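Novice: Single-letter residue listing:
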Amino acid sequence: MNIHGIRAIYLFEMARTRRTLLQSIVSPVISTSLYFVVFGAAIGSHMNGIDGVSYGAFIVPGLVMLSLLTQSISNASFGIYFPKFVGTIYEILSAPVSAFEIVAGYVGAAASKSIILGTIILVTARLFVSFDIAHPLWMLAFLVLTSLTFSLFGFIIGIWADNFEKLQLVPLLIVTPLTFLGGSFYSIHMLPPLWQKVTLFNPVVYLISGFRWSFYGVSDVSLGVSVGMTLMFLTVCLALVWWIFRSGYRLKA
Amino acid sequence: MPPIIEVRQLSKVYASGFQALKPLDLQIDKGEIFALLGPNGAGKTTLISIICGIVNPSSGTVLADGHDVVRDYRAARARIGLVPQELTTDAFETVWNTVSFSRGLFGKAPNPAHIEKVLRDLSLWSKKDNKLITLSGGMKRRVMIAKALSHEPQILFLDEPTAGVDVELRRDMWQMVRGLRETGVTIILTTHYIDEAEEMADRIGVINKGELILVEDKAELMNKLGRKQLSLQLQHPLRAIPPALQAYALELSADGCQLVYSFDAQSEQTGIDGLLRRLAEAGVDFKDLKTSQSSLEDIFVNLVRERA
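If you read the sequences in order, they're chains A and B. Here the first sequence is numbered in our numbering, starting from 1 and rising by one per residue. Here the second sequence is numbered in our numbering, starting from 1 and rising by one per residue.
Treat the hints loosely; a few may be bogus.
Taking lysine to aspartate or glutamate pairs in the DMTMM-like style, the calculated list, with each CA pair at most 20 Å apart, reads [what the hints assert, rightly or not]:
no. : chain 1 : residue 1 : chain 2 : residue 2
1   : A       : Lys252    : B       : Glu86
2   : A       : Lys84     : B       : Asp90
3   : A       : Lys252    : B       : Asp288
4   : A       : Lys84     : B       : Asp68
5   : A       : Lys252    : B       : Asp68
Here are some chain B residues pointing at chain A (derived, C-beta under 7 Å) [claimed, not checked]:
no. : residue
6   : Ile54
7   : Asn56
8   : Arg74
9   : Leu82
10  : Glu86
11  : Asp90
12  : Trp96
13  : Leu105
14  : Phe106
15  : Trp125
16  : Cys257
Because the hints were derived from the structure by calculation, they are not lab data. All values derive from a computational prediction rather than experimental measurement. Glycine residues also receive a C-beta, built at the ideal position from the N, C-alpha and C atoms.
Okay, chain A solo, but in the shape it has when bound (with noise of 0.2 Å):
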């Protein structure tokens, strides 16, 4: 094992998160304040509470997963799309790294910032709301899984994407929509019949849904069928990027 290579790639990731400071973590903070500011605060001050959790609380874990899905997701693609734009990946290809160690590097990196961006989320959320984590082992292992498995499926487009537009594509005509439609600003019990069966489809909805369970004890799905989502959204993930590595697809002529 290249534990000195995994630390490089790491160093190197966390180093380039550092100087982009305002990007990386400014701006998705100043982005969710606003979501509460205008959902949280103005409208949510004049609807009822969902569940039995004030409509500000509620949105909470959302708001959380919003960001955090869509961070993983452009820190991670970006992270190695880069060094295929610009030509450096030949170092990392005539390395002897494995492709785990590069993973674990590169999708490493792009997981603690988002684990670190959640955090500091929740912690700004604090500031406009009130509300109590239920079960805070739970909510951290949500919290890590999802990052790690959304840091992986941006892994997996950045290596996919040869064009800035396709490395915009998916975030942007996916996950963004999914999101929203996952039930982050509401219950997918307020929905038509019809639609609730539709959301199904929408791996989303699982995350978020055990996410609000570890916060509040109300959940859309149980909690096994969100954690077994989870886990299986994880394998899949697991198994492209083995299928990438061992084909050389999109890495090596």
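Fit chain B to the known structure of chain A by using the hints.
Specialist: Just chain B, lined up with the frame of chain A:
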């Protein structure tokens, strides 16, 4: 001593169907400077990229210091440093960080003393805290070499190291390469500057259209293929080569003012003395004479043209 690099029946066909390398064999000895010569698109970079793990081979094997570069890639790659042709750097990193990163990536524990030595040797020390984006092209090239040397490789690949580099840096680089060889590092460089190969290499391989058409000791190559020529500037133009001189391989220039005699520099009997005597007997006077030996460039151009 077993070769430090052994290439067996290596070939590469790209997905586009382009055959970049036809099956080729090559052995490189420990501690030598090997120059791979060839025109653009001959397959030089493909060969290096396969050895370094950037391109997958279509068939064949490569052993680096006895380790298969595919199956035992960790051991093989840890011994290899690569300076690619393109200047690709992380624009916003500092020199120090990017070189330290390379060392870690290749599995070596941090060693600031070694990094410092590499940077000093390459006259980069004063720039260590500069961001790469602020450096000139020549400086970036030095940084790429520093990165390749950061993990103390035994084998160093320099892909077109002096392309687009000024004369001074070129001299520096040659100096550095010789210094490295003295420490036991094997160096493989590709170039299409023939004087570079002539100046640096112990052995030369010529590659053209994916085929290794020749591998020779440089001195032998120049000896074997190097023709010597004697040019005579005549006092009075000749209309034809006099019959008495027909036995010699002579060429008369179009204006009749110059006679060129080609001979084999290696043979004991060059025939120069006889020729000069016959010239005097035939009453052909000359005002100047010079001999010249074909350079590696001539040899190379001839080789590539022959096969074209």
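Novice: Of all the hints given earlier, name the ones this structure violates by number, lowest first.
Specialist: Per hint list: 3, 4, 12, 15 and 16 violated.
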